[in-house]
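Undergrad: As a plain string of letters, each chain reads:
There are 2 protein chains.
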Amino acid sequence: MNNQTLKLRRVAIDTYHENVAYLHRECELYRAEGFQALSKIKISTNNQKILAVLNVVDDEAIVTPTELGLSEQAYQQLAAPDDCLISVDHAEPAASMDAVRRKINGERLALDDFVSITQDIAESRYSKMEMAAFLVASGQNNLDRDEVYFLTKAMLQTGQRLNWGELLVADKHCIGGVPGNRTSMLVVPIVAAHGMLIPKTSSRAITSPAGTADTMEILAEVNLSPAKLHELVRKHRGCLAWGGTARLAPVDDILISVERPLGIDSQGQMVASILSKKLAAGSTHLLIDIPVGPTAKVRHMRQALALRKLFEFVGDQLNIHLEVIITNGKQPIGRGIGPTLEARDVMQVLENNPESPQDLRQKSLILAGRIIEFDPDVRGGQGFAIARDILDSGRAMEKMQAIIKSQGAHTIDFTPGEHCHEVKAKYSGLITAIDNLQMAKIARIAGAPMDKKAGVDLIHKTGVSVKKGETIYRIHAEFVSDFAFAKNLATQNDGYTIEKK
Amino acid sequence: MNNQTLKLRRVAIDTYHENVAYLHRECELYRAEGFQALSKIKISTNNQKILAVLNVVDDEAIVTPTELGLSEQAYQQLAAPDDCLISVDHAEPAASMDAVRRKINGERLALDDFVSITQDIAESRYSKMEMAAFLVASGQNNLDRDEVYFLTKAMLQTGQRLNWGELLVADKHCIGGVPGNRTSMLVVPIVAAHGMLIPKTSSRAITSPAGTADTMEILAEVNLSPAKLHELVRKHRGCLAWGGTARLAPVDDILISVERPLGIDSQGQMVASILSKKLAAGSTHLLIDIPVGPTAKVRHMRQALALRKLFEFVGDQLNIHLEVIITNGKQPIGRGIGPTLEARDVMQVLENNPESPQDLRQKSLILAGRIIEFDPDVRGGQGFAIARDILDSGRAMEKMQAIIKSQGAHTIDFTPGEHCHEVKAKYSGLITAIDNLQMAKIARIAGAPMDKKAGVDLIHKTGVSVKKGETIYRIHAEFVSDFAFAKNLATQNDGYTIEKK
Chain A
106 MNNQTLKLRR VAIDTYHENV AYLHRECELY RAEGFQALSK IKISTNNQKI LAVLNVVDDE
166 AIVTPTELGL SEQAYQQLAA PDDCLISVDH AEPAASMDAV RRKINGERLA LDDFVSITQD
226 IAESRYSKME MAAFLVASGQ NNLDRDEVYF LTKAMLQTGQ RLNWGELLVA DKHCIGGVPG
286 NRTSMLVVPI VAAHGMLIPK TSSRAITSPA GTADTMEILA EVNLSPAKLH ELVRKHRGCL
346 AWGGTARLAP VDDILISVER PLGIDSQGQM VASILSKKLA AGSTHLLIDI PVGPTAKVRH
406 MRQALALRKL FEFVGDQLNI HLEVIITNGK QPIGRGIGPT LEARDVMQVL ENNPESPQDL
466 RQKSLILAGR IIEFDPDVRG GQGFAIARDI LDSGRAMEKM QAIIKSQGAH TIDFTPGEHC
526 HEVKAKYSGL ITAIDNLQMA KIARIAGAPM DKKAGVDLIH KTGVSVKKGE TIYRIHAEFV
586 SDFAFAKNLA TQNDGYTIEK K
Chain B
106 MNNQTLKLRR VAIDTYHENV AYLHRECELY RAEGFQALSK IKISTNNQKI LAVLNVVDDE
166 AIVTPTELGL SEQAYQQLAA PDDCLISVDH AEPAASMDAV RRKINGERLA LDDFVSITQD
226 IAESRYSKME MAAFLVASGQ NNLDRDEVYF LTKAMLQTGQ RLNWGELLVA DKHCIGGVPG
286 NRTSMLVVPI VAAHGMLIPK TSSRAITSPA GTADTMEILA EVNLSPAKLH ELVRKHRGCL
346 AWGGTARLAP VDDILISVER PLGIDSQGQM VASILSKKLA AGSTHLLIDI PVGPTAKVRH
406 MRQALALRKL FEFVGDQLNI HLEVIITNGK QPIGRGIGPT LEARDVMQVL ENNPESPQDL
466 RQKSLILAGR IIEFDPDVRG GQGFAIARDI LDSGRAMEKM QAIIKSQGAH TIDFTPGEHC
526 HEVKAKYSGL ITAIDNLQMA KIARIAGAPM DKKAGVDLIH KTGVSVKKGE TIYRIHAEFV
586 SDFAFAKNLA TQNDGYTIEK K
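If you read the protein sequences in the order shown, they are chains A and B. Per our numbering, residue 106 is the first one in the first sequence, and the count goes up by one each step. Per our numbering, residue 106 is the first one in the second sequence, and the count goes up by one each step.
Derived from the structure by calculation, the hints contain no laboratory data. Misleading hints may appear alongside valid ones.
[To be verified] Far from chain B, by Cβ distances over 12 Å, these chain A residues were calculated:
no. : residue
1   : Asp164
2   : Leu216
3   : Ala490
4   : Gln597
[Said to hold, decoys possible] The following label-pair restraints were derived from C-beta to C-beta distances:
no. : chain 1 : residue 1 : chain 2 : residue 2 : range
5   : B       : Glu212    : A       : Thr596    : 30 to 40 Å
6   : A       : Ala411    : B       : His405    : 31 to 41 Å
7   : B       : Thr171    : A       : Leu535    : 48 to 58 Å
8   : A       : Asn210    : B       : Asn328    : 55 to 65 Å
Note that beta-carbon positions come from the ideal geometry of N, C-alpha and C, so glycine has one too.
Given these sequences and hints, build the entire structure.
TA: Below, the structure written as structure tokens:
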């Protein structure tokens with residue numbers, strides 16, 4: 106375990122949230138110390154120490170035997186100049202891995218444990234494997250509600266926290282799982298037009314056919330600098346921006362980058378993730394939307410209630426005013442699924458177009474109404490009417506136009522993808538169900554969200570009687586291969602349940 | 106999801122058991138498809154498809170925007186020539202990840218699930234994260250005994266299986282945790298001298314101060330080709346080789362490479378790991394040694410019994426004759442800890458040197474005796490006497506010399522590391538306990554197993570009365586810095602419990 110000295114070299118490989126070090130196979134140090142591939146090493150300068158996973162290199166164009174290469178992330182973290190002399194040593198695992206092992210063994214962890222874990226993750230001391238171990242061990246129902254609170258608080262402590270300097274900063278969040286559900290783009294202009302501060306930042310779609318940021322991007326620029334965002338929110342009381350540029354609860358982003366590819370999702374982690382992000386963004390009042398339905402994320406009312414209590418418990422501990430609304434998640438909301446089609450729906454509602462999807466309008470008014478009732482000057486039960494007045498009078502549209510202009514308006518074109526396939530009813534009868542998962546899958550295969558114009562446009566929804574051969578929805582795509590895949594998928598399973606008469 | 110074509114390039118980075126693909130940030134494909142760092146991609150030629158984790162590169166010396174680079178492992182798996190045209194696409198996670206998610210959710214998996222998981226792992230379809238998720242989900246007591254059997258059987262199916270063409274192929278295995286416990290190097294020559302086939306392959310130390318392979322290497326070459334190994338075993342009935350060259354139960358090696366850095370260890374995985382390796386090596390009769398003691402791997406007799414039953418259950422299902430012996434793990438076995446010192450102990454026992462450590466001799470005779478009783482011609486209870494006769498008569502030493510010669514004798518030098526520190530008794534009294542973990546740690550910090558001559562040499566063990574200031578053990582090291590660290594560690598905690606008179 107004798108330290109040895111090598112010259113630092115930057116290796117222009119982006120290994121995302123994992124530090125990777127590159128050593129040449131002929132490097133004396135590698136040979137003497139018997140470092141094994143995959144083992145972690147400690148890299149030190151006089152001022153700084155970092156941990157990195159080791160990759161062994163056989164090409165001197167990448168590193169020579171007297172150099173140690175660092176991936177972008179690691180290089181920036183070490184913050185030392187090229188060719189600077191560094192020492193390398195075996196690394197002990199991050200100290201908080203002891204707590205992770207206790208969690209694997211089924212023990213309950215304390216606040217201190219979660220703070221150490223999130224700090225070590227924020228400082229890139231965890232390998233992706235170690236993060237996966239933490240996520241699986243604390244997944245499912247392995248965190249009790251106190252632990253969810255501890256994890257939320259710990260994640261909140263690792264990043265910046267915005268302060269808007271106002272007593273009431275509203276936000277909304279839907280736990281997801283229902284396609285087309287673009288309510289934020291209606292709630293924000295309505296609530297901001299009422300005068301409440303609602304600085305909404307959203308994510309891009311990762312597993313869904315469109316996120317709010319992808320959809321807003323059809324109308325305006327969403328990639329805003331923190332300074333620009335602040336200015337805009339001050340002026341218009343609201344915004345619809347992409348949340349990726351601010352360093353809010355960064356550990357949440359890192360954990361999501363592991364959670365998503367693994368496809369694991371637990372209630373405790375979801376609550377901690379949502380609340381740490383919202384609190385970091387400076388929200389004081391938060392409305393959580395939990396859609397319930399057989400093909401939604403939450404399938405039974407009893408699950409929705411358990412989740413509501415967990416949100417309420419953690420929210421109360423962290424002193425945020427939090428309300429939960431349980432909504433109908435039995436079918437997609439609105440008509441369009443995919444960025445362009447969803448943006449079209451939103452604009453139809455704002456225009457008070459009689460053709461606009463009424464379910465999207467209605468749901469957005471309910472949510473906006475509940476948020477407006479956070480205002481102490483609004484009498485309980487009056488929120489909905491206020492929201493409706495704002496929408497009907499055109500004030501919501503005015504506000505939206507102002508926000509679009511400030512963020513930077515894009516040329517609007519709602520023409521969907523040129524390749525179009527009409528899916529027909531297989532029987533005559535009543536549409537009784539539409540499968541959220543299948544519709545999302547067809548829209549994604551058609552190219553959404555990458556191809557903005559791709560997606561699905563629903564013509565008839567549940568409660569409507571159709572005749573055999575009548576068009577129930579259209580698939581739009583921009584590329585021939587995507588189009589063929591999506592058509593094929595819809596032919597196998599069109600996602601509609603029609604009860605024959 | 107439209108395929109695009111890039112030129113293949115080999116990138117000489119060894120990413121161990123994980124496929125990594127390198128795309129330039131300016132590559133059209135990367136930009137168009139919005140691949141995100143860390144996401145998995147599918148790489149196809151006309152004949153072959155592989156999955157790989159994506160790293161983004163900003164240096165054209167590594168890959169240019171029209172190339173796709175592959176790490177060594179991935180390049181070999183794709184088996185296509187440089188500059189060949191390949192298609193790249195988003196990858197779905199390996200199908201068996203569904204089973205892993207079911208395991209995370211607490212479900213019981215079937216044999217088919219374990220077969221799919223191990224096949225996907227063997228074919229590098231799992232990222233390290235995904236392997237960690239599988240290990241944590243199936244860790245602790247999350248596998249019932251049927252699942253342990255399924256996992257063992259599945260791991261066995263993924264690799265080669267040796268067939269020695271004999272009805273009785275003996276082996277032994279100790280679950281570990283007791284330093285100095287080098288019984289295999291005595292059991293093999295005794296059992297082989299009796300005429301039983303015992304083709305023992307061993308591992309190198311990973312977390313301990315010496316493995317059997319490291320210790321045998323003091324005496325002879327241990328890195329043997331499969332052909333050489335076979336020839337040697339036919340001739341001498343036994344060998345003491347390193348097991349790393351044969352591709353036996355390769356999934357076990359891959360999982361261990363994830364398990365070790367995570368520091369997780371579960372009974373189910375240990376049983377599956379040991380039995381799949383032994384069955385793949387062609388063993389028909391196996392003796393398992395479970396040392397029990399307060400600082401051993403297994404701390405209580407009830408745990409040892411549970412583990413015994415699990416070994417027996419899985420062994421019976423897989424049709425291997427398996428016996429378990431529970432031994433005293435209250436202190437290190439023998440005197441030396443570290444390759445050179447342990448090899449010296451072994452040779453003293455074989456020489457029938459009166460100075461030889463009696464506990465090592467006695468334990469080895471008990472184990473060898475139990476194995477000799479696998480022989481149908483040996484009367485129950487006679488094994489120990491036969492083993493003792495073989496050792497006392499010098500036939501065990503003759504056999505060992507023959508094995509050493511055949512494997513390739515090394516020049517023997519038992520001189521320990523030149524830096525020597527004598528640790529003295531702090532009180533006068535009776536030595537009542539020696540901490541296995543602390544002694545192993547001191548020996549490792551002193552440099553073992555990398556520095557073969559480094560380690561700890563125990564002068565007095567439990568049951569002996571010592572006077573204050575008398576030497577209880579010596580620390581040997583080859584490097585000054587290691588020596589200082591080890592001395593320091595022993596000063597903090599010498600690992601001995603001495604009851605004052």
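Undergrad: Now, for every hint given, state plainly whether the structure supports it.
TA: A quick look at each hint next to the structure:
1. Asp164: The claim is violated: aspartate 164 of chain A sits with its nearest Cβ about 4 Å from chain B, within 12 Å.
2. Leu216: 22 Å, holds
3. Ala490: Alanine 490 of chain A is indeed farther than 12 Å from all Cβ atoms of chain B, at 42 Å.
4. Gln597: 16 Å, holds
5. B:Glu212 <-> A:Thr596: 30 to 40 Å: 32 Å, holds
6. A:Ala411 <-> B:His405: 31 to 41 Å: 38 Å, holds
7. B:Thr171 <-> A:Leu535: 48 to 58 Å: With Cβ atoms ~55 Å apart, the hint holds.
8. A:Asn210 <-> B:Asn328: 55 to 65 Å: Violated - the Cβ-Cβ distance for asparagine 210 of chain A and asparagine 328 of chain B, about 37 Å, lies outside 55 to 65 Å.
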